[in-house]
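Engineer: Taking the hints into account, I'd like the entire structure generated from these sequences.
Protein chains in written order, with full-length UniProt numbering: chain Z, 1 to 535; chain S, 1 to 329; chain D, 1 to 276.
Derived by calculation from the structure, the hints in this document are not laboratory data.
A virtual CB, placed ideally from N, CA and C, is assigned to each residue, including glycine.
Some hints could be false.
Far from chain Z, by Cβ distances over 12 Å, these chain S residues were calculated [what the hints assert, rightly or not]: (1) C116; (2) L137; (3) E217; (4) F226; (5) Y315.
With a straight-line cut-off of 25 Å between C-alpha atoms, the simulated SDA-like cross-links for lysine to any residue are [unchecked claim]: (6) Z/K128 to Z/N140; (7) S/K179 to Z/R37; (8) Z/K207 to S/V299; (9) Z/K178 to Z/G222; (10) Z/K207 to S/G94; (11) Z/K313 to Z/L301; (12) Z/K314 to D/N222; (13) Z/K302 to Z/S446; (14) Z/K178 to Z/A139; (15) Z/K375 to D/G134; (16) Z/K314 to D/A45; (17) Z/K313 to D/L47; (18) S/K190 to Z/R239; (19) Z/K353 to D/P44; (20) Z/K207 to Z/P46; (21) Z/K178 to S/S55; (22) Z/K128 to Z/R155; (23) Z/K375 to D/L137; (24) Z/K269 to D/I245; (25) Z/K313 to Z/D359; (26) Z/K207 to S/G189; (27) Z/K107 to Z/A204; (28) Z/K202 to S/K179; (29) Z/K178 to Z/S97; (30) S/K179 to Z/G35; (31) Z/K188 to S/W84; (32) Z/K101 to Z/E78; (33) S/K190 to D/R238.
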Amino acid sequence: MDHAVSRRFVLQSTALLLASTALSSKALAQDAPAGGRLVVAADSEPKSLNPAIVASNGVFFIASKVIEPLAEASFDGENGLAPRLATHWEGSEDGLSVTFKLREGVKWHDGKPFTSADVAFSALQIWKPLQNLGRIVFANLETVETPDDHTAIFRFSKPTPLQLVRNALPAVTSVVAKHIFDGTDIAKNPANNQLVGTGPFKLAEYKPGEYYRLERNPDYWGEGQPKLNEVIYRVLPDRAAAGSALEAEEIQLAAFSAVPLADLDRISKVPGIKVVTKGYEALTYQLVVEINHRRKELADLKVRRAIAHAIDKKFVVDTIFLGYATASTGPVPKNAPEFYSADVPAYDFDVEKANALLDEAGYPRGADGTRFALKLLPAPYFNETRQFGDYLRQALAAVGIDAELVNNDAAAHQKAVYTDHAFDLAVAPPVFRGDPAISTTILVQSGIPAGVGFSNQGGYASAEIDGVIATAAQTIDAKARTLLYNDFQRLVVEDLPLINVAEWGFITVARDTVLNVANNPRWAVSNWADTALQA
Amino acid sequence: MKRAMLLLRRRAISSIPVLLIVIVFTFLLLESASGDAVDAYLVSIGGGDAALVQSLRQSYGLDQGMATRLWLYFSALLRFDLGWSVAFDRPVLGLILERLPNTLLLMGSATALSFCLGSLLGIVAGARPDSFRDRFLSIGSLLLYAIPGFWLGLVLVIVFAVNLRWLPTSGIETIASGKQGLARAMDIGKHLILPVSALGFIYLALFLRVMRAGMVETWRMDFVLFARSKGLSRLRIVLRHVARNALLPLVTVLGLQSAAMLGGSVVIESVFAIPGFGRLAQEAVNGRDAPLLMGIIIVSAVSVIFVNLVVDIAYAFLDPRVGASEAGA
Amino acid sequence: MSFFTRLLRSPEGAFGMIILAALVLVALLAPILFPGDPLRIAGPALLPPFSDPALPLGTDRLGRDVLAGLMHGARTSLTVGIAAALMAIVLGALVGTAAGFAGGLIDEALMRVVDAFQIVPSFLLALAIVSVVGPSLPVVIAAIALGAWADPARLTRAQVLSIRERDYVAAAEVIGMHPLEIALKQVLPNALPPVLALTSVIVAAAILTEAALSFLGLGDPNVVTWGSMIAEGRNVIRSAAFLSIAPGLALVVTVIGVYLFSEALSRVIAGGRARP
Numbered sequence: 001m002d003h004a005v006s007r008r009f010v011l012q013s014t015a016l017l018l019a020s021t022a023l024s025s026k027a028l029a030q031d032a033p034a035g036g037r038l039v040v041a042a043d044s045e046p047k048s049l050n051p052a053i054v055a056s057n058g059v060f061f062i063a064s065k066v067i068e069p070l071a072e073a074s075f076d077g078e079n080g081l082a083p084r085l086a087t088h089w090e091g092s093e094d095g096l097s098v099t100f101k102l103r104e105g106v107k108w109h110d111g112k113p114f115t116s117a118d119v120a121f122s123a124l125q126i127w128k129p130l131q132n133l134g135r136i137v138f139a140n141l142e143t144v145e146t147p148d149d150h151t152a153i154f155r156f157s158k159p160t161p162l163q164l165v166r167n168a169l170p171a172v173t174s175v176v177a178k179h180i181f182d183g184t185d186i187a188k189n190p191a192n193n194q195l196v197g198t199g200p201f202k203l204a205e206y207k208p209g210e211y212y213r214l215e216r217n218p219d220y221w222g223e224g225q226p227k228l229n230e231v232i233y234r235v236l237p238d239r240a241a242a243g244s245a246l247e248a249e250e251i252q253l254a255a256f257s258a259v260p261l262a263d264l265d266r267i268s269k270v271p272g273i274k275v276v277t278k279g280y281e282a283l284t285y286q287l288v289v290e291i292n293h294r295r296k297e298l299a300d301l302k303v304r305r306a307i308a309h310a311i312d313k314k315f316v317v318d319t320i321f322l323g324y325a326t327a328s329t330g331p332v333p334k335n336a337p338e339f340y341s342a343d344v345p346a347y348d349f350d351v352e353k354a355n356a357l358l359d360e361a362g363y364p365r366g367a368d369g370t371r372f373a374l375k376l377l378p379a380p381y382f383n384e385t386r387q388f389g390d391y392l393r394q395a396l397a398a399v400g401i402d403a404e405l406v407n408n409d410a411a412a413h414q415k416a417v418y419t420d421h422a423f424d425l426a427v428a429p430p431v432f433r434g435d436p437a438i439s440t441t442i443l444v445q446s447g448i449p450a451g452v453g454f455s456n457q458g459g460y461a462s463a464e465i466d467g468v469i470a471t472a473a474q475t476i477d478a479k480a481r482t483l484l485y486n487d488f489q490r491l492v493v494e495d496l497p498l499i500n501v502a503e504w505g506f507i508t509v510a511r512d513t514v515l516n517v518a519n520n521p522r523w524a525v526s527n528w529a530d531t532a533l534q535a
Numbered sequence: 001m002k003r004a005m006l007l008l009r010r011r012a013i014s015s016i017p018v019l020l021i022v023i024v025f026t027f028l029l030l031e032s033a034s035g036d037a038v039d040a041y042l043v044s045i046g047g048g049d050a051a052l053v054q055s056l057r058q059s060y061g062l063d064q065g066m067a068t069r070l071w072l073y074f075s076a077l078l079r080f081d082l083g084w085s086v087a088f089d090r091p092v093l094g095l096i097l098e099r100l101p102n103t104l105l106l107m108g109s110a111t112a113l114s115f116c117l118g119s120l121l122g123i124v125a126g127a128r129p130d131s132f133r134d135r136f137l138s139i140g141s142l143l144l145y146a147i148p149g150f151w152l153g154l155v156l157v158i159v160f161a162v163n164l165r166w167l168p169t170s171g172i173e174t175i176a177s178g179k180q181g182l183a184r185a186m187d188i189g190k191h192l193i194l195p196v197s198a199l200g201f202i203y204l205a206l207f208l209r210v211m212r213a214g215m216v217e218t219w220r221m222d223f224v225l226f227a228r229s230k231g232l233s234r235l236r237i238v239l240r241h242v243a244r245n246a247l248l249p250l251v252t253v254l255g256l257q258s259a260a261m262l263g264g265s266v267v268i269e270s271v272f273a274i275p276g277f278g279r280l281a282q283e284a285v286n287g288r289d290a291p292l293l294m295g296i297i298i299v300s301a302v303s304v305i306f307v308n309l310v311v312d313i314a315y316a317f318l319d320p321r322v323g324a325s326e327a328g329a
Numbered sequence: 001m002s003f004f005t006r007l008l009r010s011p012e013g014a015f016g017m018i019i020l021a022a023l024v025l026v027a028l029l030a031p032i033l034f035p036g037d038p039l040r041i042a043g044p045a046l047l048p049p050f051s052d053p054a055l056p057l058g059t060d061r062l063g064r065d066v067l068a069g070l071m072h073g074a075r076t077s078l079t080v081g082i083a084a085a086l087m088a089i090v091l092g093a094l095v096g097t098a099a100g101f102a103g104g105l106i107d108e109a110l111m112r113v114v115d116a117f118q119i120v121p122s123f124l125l126a127l128a129i130v131s132v133v134g135p136s137l138p139v140v141i142a143a144i145a146l147g148a149w150a151d152p153a154r155l156t157r158a159q160v161l162s163i164r165e166r167d168y169v170a171a172a173e174v175i176g177m178h179p180l181e182i183a184l185k186q187v188l189p190n191a192l193p194p195v196l197a198l199t200s201v202i203v204a205a206a207i208l209t210e211a212a213l214s215f216l217g218l219g220d221p222n223v224v225t226w227g228s229m230i231a232e233g234r235n236v237i238r239s240a241a242f243l244s245i246a247p248g249l250a251l252v253v254t255v256i257g258v259y260l261f262s263e264a265l266s267r268v269i270a271g272g273r274a275r276p
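Structural biologist: Next up, the structure:
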């Protein structure tokens, strides 16, 4: 994997990489001791735990151990995938069908056999109509044929690139049991929380506000798996709590940067604790400045470019993310090498140039040194998005733009930005999910109705960019499609419908006794079948 | 006894309009909120399209008019139905009843701690007004009062749970431990020591000051002067006459403090990851869960009314001079 | 003997006055000593205190000057405290006077509203209001005031009830003064002193409430307050404890100053009233 990251990041991660590659070698994985209870920090309790309906990392973190997708992301597998419930997949030449061979001898936790009918049901009744991401990927899915119990053929009404389907497999294709959901009101089915899956663990107990307890599935299809007897998610809502609990040996693992970045340097020196930066390569979060193009000043490309020049990405990476991030060049992150293109314009940190551009655009500084004022809404979801908001306000002040910060909670932010458009600039953390068509092009595409979160609600419209997106969506040839997305990146960075500032993966902190941590690029949200505890 | 019953009935009747005001005010407040439960939910799932938004709003009943919803709420309330939590997808009453015991345990212990320790130190301080001991205790308790509760909590965790490892960092009991009976009670007790200290120490100052002030005042009263002239020992006067007399205002403060402590538990429960009422309130706010927040405010209002009622009755028994008619709102 | 000399004679009063005077001085001097935005990035991040003369107390997570933050924080924290207390006292005094003076049904209705605000935990109320309306300084102040006006209202009403029976009020009625005039000119000024003694308690509580709201992420991001400094500092409480201790100390000193002052004030008022 191509990691163009800051020096500090490399220095910090090299030692860890050495350690974790040694641990994740096959030999060790099979020799890993069986048994034990792994206690993990969880910072939220998702309302619905069904990953087939809610494809989000908060849900996957718990549910991916119980309900499995057709394939999982992998460091060394073909096309970056490792088989799970599907063992083989193949697309037709015309892009109108994809055939999946399914794993045999798999049983649901209630003992019933897993068959192609479950896959067909999940795809047609849940992923396509109900799932937040599946709605996009499977928009043109017409039928799923099941010639036998272990074959499922997906048929599309319009060409759908195999590349897209493949990249979407880990996040979008969690399979649920037909016999449990068929004929019920799916949204209200109790099995959305009392999960029944095929995964290595069964959901045994949930005490709201306290913990989730997963129990080993003795009939799991993976040989000798899972290693652990129990996985417990302990609910720790306060950010300081995970670090303290790790040090006190009350929990053994905190994923998704539950330990604040500022505490990592110190906690990495505590004996018995390791800081792991790997394992989030396929879950890249992007730090983005969303722009409301309805504002006259911001509709001017010169002003947008001035803002891009006013942001010191190095400061953002080094100080806000303490080196645990990478500066962005465009809308596709560097650790998606399949699509990433470096052939885009660069906006260096240059206050003078920014000032000159703003003067040129016809917004001279007033008597008080400001050119114009605007509202800046940082998303509240991460410490870092808020801190970047604080920084951006200062960076804009340096070029004479007076930004007023508006801190909303999650619900109010969602409404202000994505429904009411009551913002000038916003800071958002969208996720790159393996393929630009899943959740990235929607950030700049025009014609999206108000109310859709993490989408273009800034009123930006470019016929050229819309055209590239539409063509790529139906281009079957992977190479041609990739080239289209290279164009897409160049066009976006040239015209700046939004400004990509940095991209980051999360950090896992674990006790040394936890083995096989971070051995795939979606590790925190994968099934943990080979995760083990040293006795 | 009859007087107490009379008081009880009067209080219950006068509480009804108060509760109505609370409900309508809260309803209007939440009505003016920017972003509703659907917005909060969309954030948690990472976005969705317009049709999904529409269907969600419909299923939550958010597409109906305001007056209709207020009316529906009132009529449900009469059947002790606090509605349906949209964030948890469960009945509000069940959620609250599930969390309330933890908070009552936390608050009860913290109140007991601050009441006992506070009044004890208040007696010590008030026994010799304006002495060094008095000044030291008064300032010291003020210091505790002035420390933000969450900060005190964090420091206690670092010292006693992380560094010394005497006590657990957070939670209400060891998770999935399978402990029963006495072992479980001990376990819960161990988990409660830090949060109870953090919450109790804050309010200690209040009881100390009231006790001290009451003592200082009674020192000058005739019956104490009389006792002193009889040559009774100082300790005896303090305990038999002065402190006992000063206890009455303390009981009143106890009632007034119950509301403040309920508010303080929001922050403490967040720091110590205790699944209680206060954290539920925060979760309700974050999830824009209007029915849940309404339920929480109503239940806390009822609890405060109840505590004050108990205090009034206790007061009436403790001090025969106070007639039920005087113990107004 | 003047009010102030009496206030200063007690050690509590003197000490409290000194603290408060120093705070006011700091608050007034902040924009002169540290012009510009105290949230400006002034140097390298997490600079320890006493290591750079230009940044005597070091910098925080983003490289902002801690000393500038503390001094400007005094401004906002005191503003929040005093503004919230004033709002609460004014609202409480108005409602209390109206209730006490009008009597009957109006009194009954107003007091039920006061009851309603008293039984809802004020922090819960502030939490709900700020999260619903959005965190900005005026909203935070209003939310805190709304949770604090019930006590002054109740006290004012009790005062009004006792004062309106007095001779000079009866005299004013006899000479045909308008009831509103009596209420504002005769009753309120005499009812107010004990209510004012509550001010300092509310100021202290307001400063602490603002800190707790900031801790839960509900502070105004455009201004620096001690509460927001503590809330941010606690993320690095293990590696840079100073960042949360310094504003914490400032908060403690202020609250103590306010309390001592109020203690002395209520003594002076009580003494003053006892005098014939």
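Engineer: Now tell me, hint by hint, if it's right for this structure.
Structural biologist: Status of each hint after checking the structure:
1. C116: holds (29 Å)
2. L137: Non-interface label on S/L137 holds, nearest chain Z Cβ at 31 Å vs cutoff 12 Å.
3. E217: holds (43 Å)
4. F226: holds (56 Å)
5. Y315: Non-interface label stands for S/Y315: nearest chain Z Cβ at 36 Å, farther than 12 Å.
6. Z/K128 to Z/N140: Holds, at about 9 Å.
7. S/K179 to Z/R37: holds (17 Å)
8. Z/K207 to S/V299: holds (22 Å)
9. Z/K178 to Z/G222: Within the cut-off at roughly 22 Å; holds.
10. Z/K207 to S/G94: holds (13 Å)
11. Z/K313 to Z/L301: holds (20 Å)
12. Z/K314 to D/N222: holds (24 Å)
13. Z/K302 to Z/S446: holds (21 Å)
14. Z/K178 to Z/A139: holds (21 Å)
15. Z/K375 to D/G134: holds (14 Å)
16. Z/K314 to D/A45: holds (13 Å)
17. Z/K313 to D/L47: Since the Cα atoms of Z/K313 and D/L47 sit roughly 21 Å apart, the hinted pair holds (cutoff 25 Å).
18. S/K190 to Z/R239: holds (22 Å)
19. Z/K353 to D/P44: holds (24 Å)
20. Z/K207 to Z/P46: holds (13 Å)
21. Z/K178 to S/S55: It holds: about 23 Å lies between the C-alpha atoms, which stays within 25 Å.
22. Z/K128 to Z/R155: Roughly 13 Å between the alpha carbons, so the hint for Z/K128 and Z/R155 holds.
23. Z/K375 to D/L137: holds (16 Å)
24. Z/K269 to D/I245: holds (23 Å)
25. Z/K313 to Z/D359: holds (23 Å)
26. Z/K207 to S/G189: holds (19 Å)
27. Z/K107 to Z/A204: This hinted pair holds, its Cα atoms lying about 17 Å apart.
28. Z/K202 to S/K179: holds (22 Å)
29. Z/K178 to Z/S97: holds (22 Å)
30. S/K179 to Z/G35: Holds, at roughly 21 Å.
31. Z/K188 to S/W84: holds (14 Å)
32. Z/K101 to Z/E78: holds (16 Å)
33. S/K190 to D/R238: holds (24 Å)
In summary, this structure violates none of the numbered hints.
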